[in-house]
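Asks: For this one, chain Z is given, so just place chains F and G on it according to the hints.
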Amino acid sequence: MFTRILSGLVVATLSLLLTMPASARIWDSVPDVQLENLNLSRDASPKELFDALSERYLAELSKGKYAEYWEPIPFDQYLAPTLFYEPPDIDMDVTRDQCISCHEGVTHGWVKSWEKSLHARLDDIRALDSSDVRAYKKDIIAEVEDNLRSQDLLAHDRQLKDVSCIDCHMGVGVDRGNHKDDLRLPDRTACGTCHVRQFAEAESERDTQVWPQNQWDDGYPSHTVDYLANVELESWAALQEREVAASCTMCHTNQTKCDNCHTRHQFSTTDSRKPQACATCHNGVDHNEYEQYMLSKHGTVYQTLGHEWNWDARLEDAFTKGEQTAPTCQTCHFEYKGKYTHNVVRKVRWGFLPQVDIAENLDDPWFEERKEAWQTTCSNCHSPRFAMTYLDMMDEGIKQGVAKVEETRKVVQALYDDELLVGQKTNRPALPDPIEDEPGDFSSLFFAEGNSATIVDRTFTEMWEQHVAQYMKGLEHVNPGGWTYSHGWSDLIKDQIIINEADTQLRAQAKLEQRVSALEGNNGNQANQDSTDDVSMAPASGLGTLLATVQVDPRYSGGGMALLGGGLLLGGLISVKRSRRRDEDADTTDEQE
Amino acid sequence: MFTRILSGLVVATLSLLLTMPASARIWDSVPDVQLENLNLSRDASPKELFDALSERYLAELSKGKYAEYWEPIPFDQYLAPTLFYEPPDIDMDVTRDQCISCHEGVTHGWVKSWEKSLHARLDDIRALDSSDVRAYKKDIIAEVEDNLRSQDLLAHDRQLKDVSCIDCHMGVGVDRGNHKDDLRLPDRTACGTCHVRQFAEAESERDTQVWPQNQWDDGYPSHTVDYLANVELESWAALQEREVAASCTMCHTNQTKCDNCHTRHQFSTTDSRKPQACATCHNGVDHNEYEQYMLSKHGTVYQTLGHEWNWDARLEDAFTKGEQTAPTCQTCHFEYKGKYTHNVVRKVRWGFLPQVDIAENLDDPWFEERKEAWQTTCSNCHSPRFAMTYLDMMDEGIKQGVAKVEETRKVVQALYDDELLVGQKTNRPALPDPIEDEPGDFSSLFFAEGNSATIVDRTFTEMWEQHVAQYMKGLEHVNPGGWTYSHGWSDLIKDQIIINEADTQLRAQAKLEQRVSALEGNNGNQANQDSTDDVSMAPASGLGTLLATVQVDPRYSGGGMALLGGGLLLGGLISVKRSRRRDEDADTTDEQE
Amino acid sequence: MFTRILSGLVVATLSLLLTMPASARIWDSVPDVQLENLNLSRDASPKELFDALSERYLAELSKGKYAEYWEPIPFDQYLAPTLFYEPPDIDMDVTRDQCISCHEGVTHGWVKSWEKSLHARLDDIRALDSSDVRAYKKDIIAEVEDNLRSQDLLAHDRQLKDVSCIDCHMGVGVDRGNHKDDLRLPDRTACGTCHVRQFAEAESERDTQVWPQNQWDDGYPSHTVDYLANVELESWAALQEREVAASCTMCHTNQTKCDNCHTRHQFSTTDSRKPQACATCHNGVDHNEYEQYMLSKHGTVYQTLGHEWNWDARLEDAFTKGEQTAPTCQTCHFEYKGKYTHNVVRKVRWGFLPQVDIAENLDDPWFEERKEAWQTTCSNCHSPRFAMTYLDMMDEGIKQGVAKVEETRKVVQALYDDELLVGQKTNRPALPDPIEDEPGDFSSLFFAEGNSATIVDRTFTEMWEQHVAQYMKGLEHVNPGGWTYSHGWSDLIKDQIIINEADTQLRAQAKLEQRVSALEGNNGNQANQDSTDDVSMAPASGLGTLLATVQVDPRYSGGGMALLGGGLLLGGLISVKRSRRRDEDADTTDEQE
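Residue numbers (numbering that gives the first Met the number 0), protein chains in the order written: chain Z, 0 to 592; chain F, 0 to 592; chain G, 0 to 592.
Heads up, none of these hints are tricks.
Any copy, or any two copies together, can satisfy a pair, since identical chains are not distinguished.
Below 27 Å or equal to it, Euclidean Cα-Cα: the simulated DSS-like pairs (lysine-lysine) are:
hint: 1; residue 1: Lys111; residue 2: Lys136
hint: 2; residue 1: Lys320; residue 2: Lys111
hint: 3; residue 1: Lys111; residue 2: Lys336
hint: 4; residue 1: Lys179; residue 2: Lys111
If you're looking for bench data, these hints aren't it; they were derived computationally from the structure.
The shape of chain Z in the complex, shown without the other chains:
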């Protein structure tokens, strides 16, 4: 598909003799389990690793199991280009240099950003003194060149000259192409062609995130499955407003590409190393890590002193050459046992939602080992005892939040089982497929048809999906306000107050209605002739029967009792018997004699 003319990448002469390593050995940062899953040995070549990664990557990237329910909108091509990108209808052959010269006019911002990137200035890096904090980038260039040679994308006696538009958007090393036929938006494989190690590390989230009690599916939750996780969410797939759904997708594109964190086209590492690089996605109601961090002591030190730190230092040098005196998102989450890789979930324990089946299994070695890894992380700046004392407190606190949710879940479930949620009998339409009715479902954040979601539903959704998550994040990021009454715990309590009050009120309301119905039954009033309730009348069988029936069946909150004939006014008495049928939509047959 792409014509690769390798000379385009080359400087005229090389004073160094460059050779492939005698024995290619996959980097240690690529975990054993990943190599196993890819059926590779550690002696595999970069090409073999890249090929295996790419194959798996492309196989996993799809519209997902709910594909039938949704169609992409035009903007989706920029969010999941591998699946949907269509080049613009510009049928012209272009050369490597023409990209730049033409786009300097059309979209000069691209070119300007790229000019500031290292991609455009590889020789500037090569010229760095070894004492320079950025000198490690020289090794990265050499590594990339090795990767390309392994893939026959760079001659063994040549160097990369630069990384230009065409390398990413048509193919590494090509020097011409057709703007319509050959143009692509880079996905992980495009970046991964050069950056094989980082590609492998990032993709290894799929391999290391395997929960001991199957709390989540393999690889979940992680950046490397975030696109699929999104499109396989019932509410997302069912949403008719696809432009709203696109807002979810906007963040769920780490699986599809690399520029969520590495902002195109400057790809500044300063940018990527700062907490704000994570902020566009990791903010808000159920994953407010950014807010939590920024108001923690860690974050405030970043805010007051961060300008004095050397952001050119790589993460592993952050606290030494980088002069950092407080952690960032990156220094904690990219680290595992002292090594920094692009597997960002290597120490995940609670995921982004605290759950019972995690809370109950924290003494499993899988969790214990990760907790100890956290202790090591914190011990960069805190004593190991301090670290573990905090981690213990954090776990205990999270469990208490989980307990609040579970306590309240029972109340919600009982209301639902008793069919007492507002409108549950009369006005709770089914939501579009593939959503199924469930009290407090995630869908209450997106759908409101009639009483498809009630205040109880919505409140509980916020409780289990947002507030307890925020509460946990507050604990995890050492932000006192985040887990106390500023937000955290206090929000859970508020949810519980609302739901407990609804519980009392809805039950009282149902009871009062029964009493009124009973009265109507007794005196034969026809006050409620337009009732739509599921009420049937049975032959009079005495008042005791009537009352017993009414007392045990609190299902009717919306309407009233059956309407009786005028005879009642004359002193007659007709008892009613309420049907116990659960068919919510069944038409009522009033039986009467």
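Replies: Showing chains F and G alone in chain Z's frame:
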């Protein structure tokens, strides 16, 4: 009024021969429509332009159509000085130099800030090399000098020496005045005397913002009418707590002065060019552009890399000499077709509230032309196709938000029409003039007397005035969380859940009450003797009448049926007829026979 | 306990002859009232001051009056080390130098931070030119040395060499100790040993904060009692989830140590002088000063221009040598009549909650004097008239907020007194000691058992404890959105809407229930046989009695009226008398005749 001694502004000799341009020509940044509205040709002099602008400006700046309802409080003199400023009672003659020397003691911060301003250091600018990124300021000084000469405020052979306290606070070029009689707080005309072009550009918002379907009044919404827009708001004018009203005014002072954006007394352009310059006003519940921007990719790049940009570059050089790699508020909103002016609403399409009559007219050329102008703006850094694809998605998304609001508006209106809002019949006092009762009115953000606003009212106000605005701003500022479940869409859904639930509950409650009333009527019970409801009893006219009445009149939610005399207990039957009178506060007369 | 070998602190030779001042005189920044309270004259030595301060400090620092209700968790030892710290079980003798060398391996972050601190580089300070903005630190070193000499912790002919781990963690000047027996976490006395003046200033909050009408206890609210204030809060002491309680404690540790503001181990003054230093605690729902400030004009100037300011300048030089053009938290709150000290509450007027007994006493000289002190503060950059006009408006605005709260308090109290809160009769369990039942109690932020807190309670708690506080903070920090509809006033109005609606609805609900009960009574229906209400029936005593009872006793919202026998249907009449027993869980005995 002011003695203008021009020599005060002058340096001793001028090596340059300064002449008025042979043919004064108004700057291109002043739009044709504005000149037409001002009855000026493009050959008008700066003086003619300034005079025309000032005359119109002063004519438009008033207490507005609700002037009779409110009186200024003392602090208002600082917010609308043209209308209300009273100099302090300090009757002393002062000279140009005395301002500084005295205030160095009294309010040294003023003097210190001014000393850092370019106003105090014009020669530093004049000495700049033409390659300096700030060299454009030399042209601005020359332009200002031309403007002053045109107004006979600067001799033709003299230069401005500096801009000192007295120039702005007593009159440009005067060198003495009386602290009591002559002191003024600068309004737009004071700054506009020197900065005629910027004055004209800012004032042109009044001229260019003319909606094709009269969605807003001419010039609305814009900074150049923001004071009037505020004081002509019913709720603002009616508010008894004038100190609370002042908080609205605090931001609505772009019409009255220039220092909302150009912070006195340093008037730093670095300050004005950064997003935070907009933040004091453009944050919060219904215009949270700042928050939306800061968490967008655009904003996070500003946060991570902005310190590397050159803020001395003027806006049109931002992406070149300024080294910017992401937009700020200013680079997008001051731009129109590649030019940057102080007309900040030149590309406005949705205003700050999405409305049906905008949503339905987006294919009008007026809107189309502005959309294309946006495409040009985005194409600084994005491909035109990408830009338009996003803009299309944005429009579509906003329409969906509008639809949600309209869907819910119907529910609210029906509740109001059926008089079912809580307390609507019994405890919904009129609010102070000029506010009129309307469900979900803006006033529910400011007033709560009895049930003058109910949860339904307030929720709907938040929906149409805040949440859908925030949702739109999220889309417009490319902040995924801002238009999805972090805030945006999810908040609209929550509003709808609350209102739909109220709808079901209030109707059920009314129906239950009717049934109870019917029962009371039937068996002659006097259970509700202390009822305050608007209920009158008519002579018995048969049960059918009673029931029909009850069934069709669901207006009484708060109280109960009339209380009948003891005779009823003895077995008699008196039917009741509920009055349909709408006098909400009328005392009830129980008629009985 | 500690071996103090003074030679460890000394440099070999001293060219200066250092002597104790002929007459030690306590610094002017230590207020008279404090010296009086400590029974010291101004001629006391630093040692005498330190000893008196320490004695009082240790006497006041305890588990507080609710000590019996709670036990510390392990993490508490880091929050209140004076009370709870237990050194780790590492029984080894260590020297001054070994701390550093060993911890470079174990917790290198500590060492790295310390190396950046001035504690590690005293000679760098001593070498500063007197024109350096940091030259004032030379005086601080000299002052510290005097303090140590006064306490016999430094020989009179020696200088401090550095301040190393061991000085703070084992004892100033010791050069060896046992890691198990001698280790301590520094509290205020540890830092105060060297920094006697700052210790005294900070502790003087206890002495100057004495309210004229006893609005708060002596010294409250202030940083110097913040630990006690926390642990003596009923809700805090009662909370079973001690890990949640710890989140409150996290901030309430200014009383116990100094590193909330002076971040260990760099102790950067740049860090401490920036607004973010206050942010970790002063954010959130009831003390959101940080948010208010950052979005005020003051805060936005800090955000746009703060990077140009010289943060090495001490606070009193901030607006001169520091080049600041806008205030920070520190420049306003550490200042009093032109002097800057560590007493941060010297100008407090409203505290952190606006209250009636403050609003009514603002003309007391105590308040007036502090208001004038604020006027002086603002006059750094504003005219005194402008400042007082704003302060007047602010006070007036706050009073209006207080009025809204009090208006609503009456509604809540009446609902509570009438026992109409949801579940109040049936499901409002007592909360753990020492919490007592009160409507709208602070505990509703932390506890939700059954209907122990209702929506009315919670809403009112948010109103008086959070929203009115935020509203006030908005006014105080000149953030328009903060006191208008973005948050402030509008939130108070929303609270009132919710509570007024509940008032109408709960009373209507009670009345309807009474009517139904009356109907049931009349027709002898036993529809409510399973009622759990506290209802007893008395012998018939006439209809008047019945109705009077029903009218004056609206306590039963959950259940209904008494259940009457079938005889009623036959025309008989049985009156009921409702029991006024408060036993909420008592079984109901229906008495009937």
